[in-house]
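On the provided structure of chain A, position chains B and C as indicated by the hints.
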Amino acid sequence: MEPGQDRVLPQQQLDRQNLLIVSLRIWSRTPLDQFLFKEWAEDDDVVAFSKRSGDTHLLSPLPLALLALLGKSPETSRSLLDKLTAELTQIEPDEAFELIETTLIQLQDIGLVTHSSP
Amino acid sequence: MKVSDLSTIELVGRLDQGTLLLDLHPFVARIRSDIPSLASDIAAMYADFEVPDPDRFADFHVEVSREHGLRRWIKPHARFYFDGRPSFIPLPVHQAFAMLEWGLNWCVAAHGHQYLIIHAAVIEKDGKAAILPAPPGSGKSTLCAGLIHCGWRLLSDELGLYDVESGLIFGMARPVNLKNTSLDVIKRFVPAAIMTEPVPDTTKGTVGLMRPPEASVQQRREPAQPTWIVLPRYTRDAAAMMQVHSPAQTFMLLADQSFNYDVHGEHGFKTVGRLIDQCSCHQFTYSRLEDADRAFQTLLAGDLA
Amino acid sequence: MTVRPLIVSALLEPGSLGKLNELQWDLLIRQGRRTNLLARLAHRMKTECMIDSVPHAPRQHLLSSLRMVKRQDTAMRWEVECIRQALLDTGIPIILLKGAAYVMAELPAAHGRTFSDVDILVPRNRLNEVEDQLRIMGWRGMNHSAYDQRYYRRWMHEIPPMRHIGRGTAIDVHHAILPETARIKVNTPALLADPIPLAEHPSLCVLKPVDMLLHSATHLFHEGELGNGLRDLFDLDSLFQEFGSGASFWDELLPRAKELGLTRPLYYAIRYTSSLLDTPIPEHIKQAAMIGKPARPVAALMDFCYLRALQPSHTSCDSTGSEIARLALYIRSHWIRMPFHLLAIHLTRKAFLRPKLPGAEQALNNKGKEDG
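Chains A, B and C supply the protein sequences, listed in that same order. Quick note: the first sequence, position 2, residue 1 per numbering that gives the first Met the number 0, numbers continuous. Quick note: the second sequence, position 213, residue 212 per numbering that gives the first Met the number 0, numbers continuous. Quick note: the third sequence, position 159, residue 158 per numbering that gives the first Met the number 0, numbers continuous.
Keep in mind the hints are simulated off the structure, nothing from the lab. Among the clues, some could well be false.
[Said to hold, decoys possible] As a list, the in silico DMTMM-like pairs of lysine to aspartate or glutamate whose alpha-carbon atoms are at most 20 Å apart:
| id | chain 1 | residue 1 | chain 2 | residue 2 |
| --- | --- | --- | --- | --- |
| 1 | C | Lys-45 | C | Glu-105 |
| 2 | C | Lys-207 | C | Glu-241 |
| 3 | B | Lys-127 | B | Asp-162 |
| 4 | A | Lys-37 | B | Asp-276 |
| 5 | A | Lys-37 | B | Asp-255 |
| 6 | B | Lys-269 | A | Asp-44 |
| 7 | A | Lys-37 | B | Asp-40 |
| 8 | B | Lys-269 | A | Asp-42 |
| 9 | B | Lys-186 | B | Asp-40 |
| 10 | B | Lys-269 | B | Glu-164 |
Chain A with its partners taken away, still in its complex shape (with noise of 0.2 Å):
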C-alpha cells in the first residue's frame, strides 16, 4: 500500500463483464412473504415494503408482469421477452430486452429477485 496512491478499478472492463453476465443469469423469485404489498382496484401500480431494508418502491406493470412469470417459474430475460412479446408490442424487440434486464436488476437491488448462473 503505496502513501497517497488512490486506488482505480478499470470501470469500463467490469461493465462489459457485467452486461454479459445479465443476460446468462437464471431469475427467480424470492418469497414474497419479506415484503409488505399495497394495490388498489383503479390503479396499475403496487407499492411495496421490504421488511429486511425498511424501504418502500412503487412497481408498474413490467416489473410485476416480471415478477408475477417469475412466481411459477425460474426464467432467463430471453424467455422472459417471449413470454411478454404481446404485451410489448409497442417496443422495438432490442429496447425490450434491455428493458426487461434493467428492471431485473433493479428488481434485484431491491430484493425481489435473485440470480443463480447456468
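Chains B and C only, in chain A's frame:
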C-alpha cells in the same frame, strides 16, 4: 392565561429569563430570546395561544438570540438554539421570528414520532380534513391561506400530524408562512389579515407570517377525519381543474413528503396505506383563489352526495 | 466528585422516577436526548413494565426514541447483510466492531442504542482486496482531499470511510484498532487470531467477549470528542454485566489485556464504570487492573478530565473545569495517536476547514426551502 393577557414588559421579561412557555398543542415549547422585536411578533402572531406556568413540562427548549462574541456588535445576527445547542446558520436579526417558526417546525418534525408528520397544509370543514401535501412550487401555502378565509378551519399550513391509533389528523394552527407573490395575493384576497412586516432576503425570498384565524386557534385541539388528499398545482392563468390522482402515486408522494415516514418502518407503510384508503386522491390545478373556493365547495358537496 | 446526573440515576434506578415532577421530567428528557441515552432508558422502562406510568408528555418522547432505534436496528441488520454478500466471495473473515457487533451478537448493549456507520476489522494484508470488492459492489471513497487520503493510509488504522452510492450508508474498514503511531502498541495479530463466527453467517465474526470489552475500552479512552462518552461508558457497563456472568470472562480479562497491550484502557474502563455507574466489578479484578494505572500525577489528571468529560455535555451538568477537561482530552487524543511533528501539521490543517451543518438539520433546512 393567553399571550394577549401579558403586557409587553412581562412578555419581554419572560423571554429574557427563558420562562415563556407556549401551548402549541399537542406540544409545549419553552422560549428564550434577547431580541425585543421577537416579543412583539409573538404578541401579534400568537395572541390567542395559552401560556402554561413555567414549572410545567416543555417538549422543546428553544432560543432565538443574538450571536455571542464580537459579531454581536459588528453585524448583529440571530441564532436558533435547541436546548442550548446552536442549529442552522446565523441569520440577520430582523429574520428572528421566521427563524423561530422554522426552528419550531424542525423540533416537531425531528422528534414527534408518535405521529406520522406530513409536510402538508391541512384544512377542515364539517369534521372532514383536506390534506394538501407540498412539493416545491405547488402554491400550497397560498391555497391554504385563501381557503381558511372561505369557511375552512386551519389545522396547519406546514405540518400535518397524523395519529395512527385514531386515524385522525391534528394540527397546531400556527402562523401561516407566505412568501413573495403569495404575500400580495393574500393581502388582496383577505385585506383584514394580520401579518408580520415582510422580511426580505431570506433564503426563501421575501417572507411574511400571517396570524391564524382566532376560531382555528380555539379549535386546534380538535382533530379531523382525513377525507381528501389534494395535490395543489399552481399554474399561471390556468382554469381550475380537480382531477382524480393515482392512489399508488399519492402513496409514494405522501411517503416522500413525510418527515418521519422512514422512522416508522413497516408501521409507516401500513399507516400511509390506511390514510390513502380513508381518502380520495386528487390533483388540483388552479391560478385564482376564487376558483379554488368553488372547487373545494364542490369537493365537499360531492362527498356528501 | 460531582452530583450524579438525572439521566444516570434514571438508568441505574428506573424505579425512582415515580417521584419526578414536571420540571424534572423536562430535564431528564433533555439530558437523555443530549447523551443519546433516551432510548436506552425507554427500553429499560418498557422491559420492566414501567413506561405506562410515565406522564403522557414525557412518555411520548420515550416512545418516539424507541421508534427511532427500532428503525436503526433494521437498517443496521440490512447493511451488515449487504456487506456480507459483497465480501462473501473473498473468503476473508470479516470482524464486526462496536454497534454492528452488539446487534448481530444480540447483546443487551444494542438495546436502545443508535447506530451510524458500520465498522469492520480485516487483516492488513487483505485490505486492498476488501477495498476493491467494496468498490465493485457500489461503495465509493467520500470526497477526501489528497491530504486526507495520505493521512489515513499512512498513519491511521483504517482506510478513509467509504459510502454506498445507492444506500448512502458509510463503512469504516479497519486493519487495527489503533493507529501504528499510537503510544500503545496493540498486539493486532493476537486480536485477529481468535474471532467468533456468527452462527448463521460464518463469514462474519465478532470479537470474543474479553476482546470486545477491551476494544470498546480502547476506543473510548482514545476518543477526543466525548459527546457520546457517557453512552460509550454505558456500553462498557453493559458488556461487563453481560459477560461478567460467565466465570471464565474475569479469569481471562487481565491476562488478555496484558497479551494485547491494553492494560491502560482496561484500568480506565474499570475505574470509571465502577465510580460513575456502580458497575459491579469483582474486587480482585479491580486490584489486578491497577497494573494499568498510570503514574500518580497522570492518574489524578485523568480523573479530573474524565470525571468531568464523561458527564452529559449539557448546561445542567457543567461544572468548573468541564470545558478545560474536554479540551485537554481532545488534545490528548491526538497526542496519543500521533507523533508531535505530524500532529502539528494535522491540527493546523483541520483548523482551516469550514464547519458543516449536522446532516439531518441540513436536510430539513433544504426541505423548508422547497415549500410552495
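List of violated hint numbers, smallest to largest: 7
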